[in-house]
Structure formats: structure tokens, C-alpha cells
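Participant: The residues making up each chain are set out below.
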Amino acid sequence: MLRSLRDTQAAFAAHLCGHDQPELVATIGGDSRTALQRLQLHRHHVVRSVGAALAATFPTVAAVVGQEFFGLLARDFMAGTALENPVLSRYGEHFAQFVAAKQDMHGLPYLADVARLDWALNVAFHAGLEPRLSAADLAGWPQDSLLSLSARLPTGSSLIESAFPLDLIWQASQPGAPVDKVDLAAGPVCLAIFRRLEDAAFVVLAPGEAAFIKYLCRGDPLATATRYASQVAKDFDPAATFGRMLGLRLLTSGTAT
Amino acid sequence: MLPSAGIGLRSQHLDELLRISVRPAFVEVHAENYLRPSPSLEKVLRLRHDFEFSVHAVGLSLGSADGVDEAHLDQVARLVDRLQPTLISEHLSWSCFEGRYFNDLLPLPYTEEALDIVARNVGRLQDRLGRQVAIENPSAYLGFRHSTLTEAEFLDGLVRRSGCGLLLDINNVTVTAHNLGLDPADWLNELPGEAITQFHLAGHTRNVLDDGSTILIDDHGSRVCVEVWSLFDEVLQRFGPRPTLIEWDTDIPPLAVLLDEAAHAERALANADLENVALAA
Chain X
565 MLRSLRDTQA AFAAHLCGHD QPELVATIGG DSRTALQRLQ LHRHHVVRSV
615 GAALAATFPT VAAVVGQEFF GLLARDFMAG TALENPVLSR YGEHFAQFVA
665 AKQDMHGLPY LADVARLDWA LNVAFHAGLE PRLSAADLAG WPQDSLLSLS
715 ARLPTGSSLI ESAFPLDLIW QASQPGAPVD KVDLAAGPVC LAIFRRLEDA
765 AFVVLAPGEA AFIKYLCRGD PLATATRYAS QVAKDFDPAA TFGRMLGLRL
815 LTSGTAT
Chain A
2 MLPSAGIGLR SQHLDELLRI SVRPAFVEVH AENYLRPSPS LEKVLRLRHD
52 FEFSVHAVGL SLGSADGVDE AHLDQVARLV DRLQPTLISE HLSWSCFEGR
102 YFNDLLPLPY TEEALDIVAR NVGRLQDRLG RQVAIENPSA YLGFRHSTLT
152 EAEFLDGLVR RSGCGLLLDI NNVTVTAHNL GLDPADWLNE LPGEAITQFH
202 LAGHTRNVLD DGSTILIDDH GSRVCVEVWS LFDEVLQRFG PRPTLIEWDT
252 DIPPLAVLLD EAAHAERALA NADLENVALA A
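Quick mapping for you: the protein sequence lines, in order, are chains X and A.
First residue of the first sequence? That's 565 in this note's numbering, and the numbers climb one at a time after it.
First residue of the second sequence? That's 2 in this note's numbering, and the numbers climb one at a time after it.
If you're looking for bench data, these hints aren't it; they were derived computationally from the structure.
Glycine included, C-beta positions come from ideal geometry on N, C-alpha and C.
Where hints are given, some of them may not hold.
Which chain A residues stay away from chain X? Per the calculated CB distances, all over 12 Å, these [what the hints assert, rightly or not]:
1) Gly100
2) Arg101
3) Pro110
4) Leu143
5) Arg162
6) Glu235
7) Asn272
Computed Cβ-Cβ distance ranges for the label pairs, DEER-style [what the hints assert, rightly or not]:
8) A/Gly213 <-> X/Gln738: 23 to 33 Å
9) X/His608 <-> A/Arg268: 46 to 56 Å
10) A/Leu19 <-> X/Pro673: 22 to 32 Å
11) A/Thr87 <-> X/Pro771: 49 to 59 Å
12) A/Thr206 <-> X/Ala749: 40 to 50 Å
13) X/Arg760 <-> A/Asn208: 37 to 47 Å
14) A/Arg162 <-> X/Gln738: 52 to 62 Å
15) A/Arg24 <-> X/Arg782: 42 to 52 Å
16) X/Gly783 <-> A/Ile253: 42 to 52 Å
17) X/Leu636 <-> A/Ser231: 36 to 46 Å
18) A/Ser231 <-> X/His658: 41 to 51 Å
19) X/Asp708 <-> A/Arg24: 54 to 64 Å
20) A/Asp51 <-> X/Gly783: 18 to 28 Å
21) X/Leu748 <-> A/Leu130: 49 to 59 Å
Okay, chain X solo, but in the shape it has when bound (with noise of 0.2 Å):
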């Protein structure tokens, strides 16, 4: 019999992970019949309200298995990871990485990418808002004093890349989408993720761009990162990158801490 609250939250604990608990199930009043089913109660909504959390945080995902399947993949997940938080949004870390180990289950190359791709979502959403740079802000700069700046993404922001059309085929998941089938082959793909005012976003980086910002966010300055994003793309040209940069207010100054 199960007397002390720790005995009863071990047993309750272990019966949530689906380890069944016959000394648990002895301590439920009322009718012994229904006392398991009771019991059973609670494990579902865990699974079920995890699940759906997961759900939410890689909808993407969700959307291209469809939700019965992802539901088959959240179960095996949670099984496998608890939950360390109470605050349901971080919760899937390693949930691509989860996708990735799985792939003899779902079948898809890209699937891991695309988990990739909503947790990025996910952590940008989440982060602060730090102000931006902005053409305004850098109209007075005298031109040699601009080449000796230092910027970067803003907190929370990352960039993937991946051998597949993310971009594609998180449009084609968009409920309502008109497309419902995906060129591959249109990969690879760079992707800037960032917050914005009210959500999250991803642009399409061209490779120059991506060295680009790859190179700001390393720390160098304006000067170097233009140049060795024109050894990485012949026909990177740094105004227009900048001023693309700028008006999708994708760069805070500074250096990365």
C-alpha cells in the first residue's frame, strides 16, 4: 500500500511513462473496475496535450505527415524525452534530431530539415525585440566609418541551410496553399530566420548573401565580410545585399555576445 506522497507520486509518475502500477491502481477508491480506466484518464491527456504542444511548435511538420502520423512520431518522442519545463514552447529541442534518427519510419529525406526549420521559427518567436538597423539610421555614416561596421542577426535569429526547398515546402503546408506538390529538386536553399514585429519569418538567402551574413555574425565587419562573400558568389554585390539586409530589417549592430 502507498502511504507516504512521494510513494504515490513515484507510482503515479511511472503509470504517466506507461509503466503499469498495480499498487497504484489498488490505492483508487470507488469501483475497482473502473479504477484503472480513471487512471488511464490522466495518461491520455499527458499524451494527448503534449502531443498537441508539439504539434504547435512544428506545425510544419505536422501538416506535411498529417496529424494521425505526427502523433505516432510526438508518442515515440515523448517517450523518449521528458518534459523539463512547464512552459510548453520549449519543449522539442531535439525533436529534428529525433526526425532524423527516424527516417526508416516516415520515409522522408527532408523531414528532418523542415523540424529544423519550425524550432528556428519557434526560438525566433521567442525572442526579444532588439531595434534594427535601418537606411535611416546609416544615411548620415560617412562611407569609410560604414565599411568598419559591425552588425549581426538579432538574438533568437539563425540561419539553415539545407539540400532541400525548405521555403517550398513550408508554403505548400500553409493551410489553404494552392500547391499541394513540391520540386525537390528546386533545393538547395539558405534560410535567414527572424523575428518580426508580430511573428517569425524566414527570407531565402542567395549563397553571397548567406556568406555575407555568415561573416557579420562571425564578427568581421562590413569590409570583410563583403569580401569574402565575393570570393563564395562571383556576382555577390554588397549594395544591393546591404540594402536588402536593411529593409527586411534583418540586422542589429554590434557583435554577436
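Model the placement of chain A on the given structure of chain X, informed by the hints.
Facilitator: The following block gives chain A in isolation, referenced to the frame of chain X:
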């Protein structure tokens, strides 16, 4: 705050709430939805200029034998500091064991040992926040044979030991009484009514168990049912009006539906016969 009706704040309604002129008396946020920076948190902070707030925590696991997660408590305290809510509440339940969370409001055996632990955890929460917190009666789907106190006796003991307030969830009383074969009137008889600082109202669904009996599920996904409105009237007659919240957490309807439910609660609060409130007599 005058006893009036508010609604649970859902992210789907944030923009509309910032625009509309017919407003609920207060809004309630689930603390755990707003502990991280986000556009939603920024909108909530803007709404704070125009609305009274209550903060309802769901993840502090005050019934845990392990005690309170101090890191999580710190985050909740920071949110409370930013929002300066009129009311703060949590549940008489647990959701964490040895660092693993279960995202459910799990039941406690009502024993003296558990009462000691919950009173200590509630005390820690109130000390950290520097103010009283209201503890909500949960919806129960099962009871433990080794309980030695009724739920209402447990809540009474908790109020005495910790000085906490009570959030009386009237839907939960209905659900618990049905599921455990209790009489809601008996349940209410044992409750220290003077400690109640807020009421909650919500919808529930009905499932059938293997033995053919029905079980009510507190899913917050529909309008408040007639039975709960009736019990609300009875509660108002017993204890008098308190700020009352309409909760709706699944299958979220248009904002107008929540406001309509809040208007229903407002009418019940206004119609309460204050001359004959049992508690005041």
C-alpha cells in the same frame, strides 16, 4: 476589484481585444504562456494599460513532494512583477516529479502529510511573490483510498496554515462531485467561504466508462452548462459575489462568445440577493 466577470485571455483574441470597446471587466492569463519574450507577451503588456489582470499559474506543481521549482517560481515572479495583477492563483494539484513535468493537474491524496507539504509550498510561493495567492479546487477523476480528509477539509486546512485564498471553480465542483459520487451541496458546506477570492466557470464534456457509468471531463471547450450556472447561483447565495472568470481553453470560439458568457455571469452576479447571502447572515 468589484465582483464582475472576466474572460481567459487567448492569443487568438489579443488583436481584437486591443480594438474593441465592449470589454470584459478583467482578463486572466496563464502564466506559463507568457514567461518567454514574444509578440504575444508584448501585446499582453499593452493590454495591461486598459485591463485589470489576473495571473493563473498551471505549472508550479504546489502538490509536489519535491517542493517548488525555484527557477520556474522566479520566472512567474518576474511576470507578476510586470503585470501587477489583481489576483494570482494556482491549483491544488501536482505536475512534476523529480524534474519531469506531466502537463496535467494531477490528484493528491488528502492526508495530513500532503497538507503539510502543500502548505509549505504555498507558503514558499506567497513569500516569493510577497502576496496572497488563491488556490483552486481541481477537477477530480479519482480519489485515493488512503485520503483521510475531504477535499474541502484539505482546502480549509490549507487556508488556515498558509493564509492563502481560495479560487472556487464551480465547474470543477460539478465535475468532481459527479465523478466521485458526492453531493455538491455537502462539498460546499465544508468550504471556508470567507477565503474565496474568485470564481471560475467553464464547460465540460461527458464520457462513458466501461461499467456504463459516466465521467465528466473538465476540458474547457464549450459553454457553461445549465447545471453549472445553477450551482453558480447557489454559490452566490451562499458566499456572495466574487470576481468571476469564464475559462475556455480548447476549441476556442470567437471572442463574442466568451463575452456573451461573461455577460451571463455578470447578470448572475448582479442578481445575487446580497441581503440573504448565507455567509453574511
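Participant: Does each hint fit the structure? Answer for all of them.
Facilitator: Here is how each hint holds up against the structure:
With 12 Å as the threshold on Cβ separation, the claim that A/Gly100 sits away from chain X is violated: the shortest Cβ distance comes to roughly 6 Å. A Cβ of chain X approaches the Cβ of A/Arg101 within 12 Å, the least distance being about 4 Å, so the stated non-interface status is violated. The Cβ of A/Pro110 does not lie farther than 12 Å from every Cβ of chain X; its closest approach is about 6 Å, which violates its non-interface assignment. With a minimum CB-CB distance of about 4 Å to chain X, A/Leu143 fails to clear the 12 Å threshold, and the non-interface call is violated.
Remark: the non-interface label on A/Arg162 is consistent with the geometry, its nearest Cβ contact in chain X lying 16 Å away (cut-off 12 Å). Once the 12 Å rule is applied to beta carbons, A/Glu235 is consistent with being away from chain X; the minimum gap is 25 Å. A cut-off of 12 Å between C-beta atoms confirms that A/Asn272 is not in contact with chain X; the least separation is 36 Å. The given range of 23 to 33 Å is broken by A/Gly213 and X/Gln738, whose C-beta atoms sit roughly 45 Å from each other.
Separation of X/His608 from A/Arg268 is about 37 Å and departs from the stated range, judged on CB atoms against 46 to 56 Å. Separated by about 43 Å at the C-beta atoms, A/Leu19 and X/Pro673 break the suggested range of 22 to 32 Å. Between A/Thr87 and X/Pro771 the CB atoms are about 55 Å apart, so this pair conforms to the stated range of 49 to 59 Å. Against the hinted window of 40 to 50 Å, the Cβ-Cβ separation of A/Thr206 and X/Ala749 comes to about 48 Å, which satisfies the hint.
Evaluation of the 37 to 47 Å hint for X/Arg760 and A/Asn208 yields a pass: the beta carbon distance comes to about 42 Å. At roughly 53 Å, the beta carbons of A/Arg162 and X/Gln738 sit within the given window of 52 to 62 Å. Checked against the hint of 42 to 52 Å, the pair A/Arg24 and X/Arg782 passes, with Cβ atoms roughly 49 Å apart. As the Cβ distance of X/Gly783 to A/Ile253 is approximately 45 Å, the hint placing it in 42 to 52 Å holds.
With their beta carbons about 43 Å apart, X/Leu636 and A/Ser231 fall inside the hinted range of 36 to 46 Å. Checked against the given bound of 41 to 51 Å, the beta carbons of A/Ser231 and X/His658, roughly 49 Å apart, stay inside it. About 55 Å separates the C-beta atoms of X/Asp708 and A/Arg24, a value consistent with the hinted range of 54 to 64 Å. In this structure the supplied range 18 to 28 Å is violated for A/Asp51 paired with X/Gly783, their Cβ-Cβ distance being about 43 Å.
The hint said 49 to 59 Å for the Cβ distance between X/Leu748 and A/Leu130, and at roughly 53 Å that hint holds.
In the structure shown, a violation is registered for the earlier hints numbered 1, 2, 3, 4, 8, 9, 10, 20, in ascending order.
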